[in-house]
Amino acid sequence: MADNITSVGGDNRPDTSVSPLKGRTGAGAPAETRGKTTIADGVVAKIAGMAAREVPGIHSLGAGMARAFGAVRDRVPGGGGAGAATRGVKVEVGERQTAVDLDVVVEYDVSIVDVAGEVRTNVISAVERMTGLEVVEVNIVVDDVHLPDDEDDEADSDEGRVR
Numbered sequence: 001m002a003d004n005i006t007s008v009g010g011d012n013r014p015d016t017s018v019s020p021l022k023g024r025t026g027a028g029a030p031a032e033t034r035g036k037t038t039i040a041d042g043v044v045a046k047i048a049g050m051a052a053r054e055v056p057g058i059h060s061l062g063a064g065m066a067r068a069f070g071a072v073r074d075r076v077p078g079g080g081g082a083g084a085a086t087r088g089v090k091v092e093v094g095e096r097q098t099a100v101d102l103d104v105v106v107e108y109d110v111s112i113v114d115v116a117g118e119v120r121t122n123v124i125s126a127v128e129r130m131t132g133l134e135v136v137e138v139n140i141v142v143d144d145v146h147l148p149d150d151e152d153d154e155a156d157s158d159e160g161r162v163r
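Residue 158 in the working numbering is what sits at position 158 of the sequence shown, and the numbering runs on without skipping anything.
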């Protein structure tokens, strides 16, 4: 029966520069194999949210209540900002793969199927490029359609009744 110990030089010490679990370690090892990189769920959610918002035809992200609470939080000094990037985005992140769920509001008079396809393509491209994770799925729920006259109602409510 033969030993599976690799020796260096004439002595019988095992070669400690090769680990059977991690590959080559030490000064001769490539930098990308020296340590572990963990990407937080929030990082992937921000990337996915920003990529989805870049697509023409997307008005906003988030279901009705999330948008309502987000609007209130954005008006409170020091209360908003950070959550806006991930509003309407849920992710599951594994060691090598991720899945993304998006709640979106589309603009009126756009092809929802085309916009959803563009969102999927943009999110997959951005997440895979920036994180190296494989995106296994991007699920999109269209919660609402933003109508052109909705902005007129919002502007009127900001002005107030008394002049």
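Do not take every clue at face value.
[Claimed, not checked] Derived BS3-like pairs (lysine-lysine); straight-line CA-CA distance at most 30 Å:
hint : residue 1 : residue 2
1    : Lys-46    : Lys-90
2    : Lys-36    : Lys-90
3    : Lys-36    : Lys-46
What the hints contain is simulated information worked out from the structure, not anything from laboratory work.
How the hints compare with the structure:
1. Lys-46 to Lys-90: The hint holds at about 10 Å.
2. Lys-36 to Lys-90: holds, 24 Å
3. Lys-36 to Lys-46: holds, 21 Å
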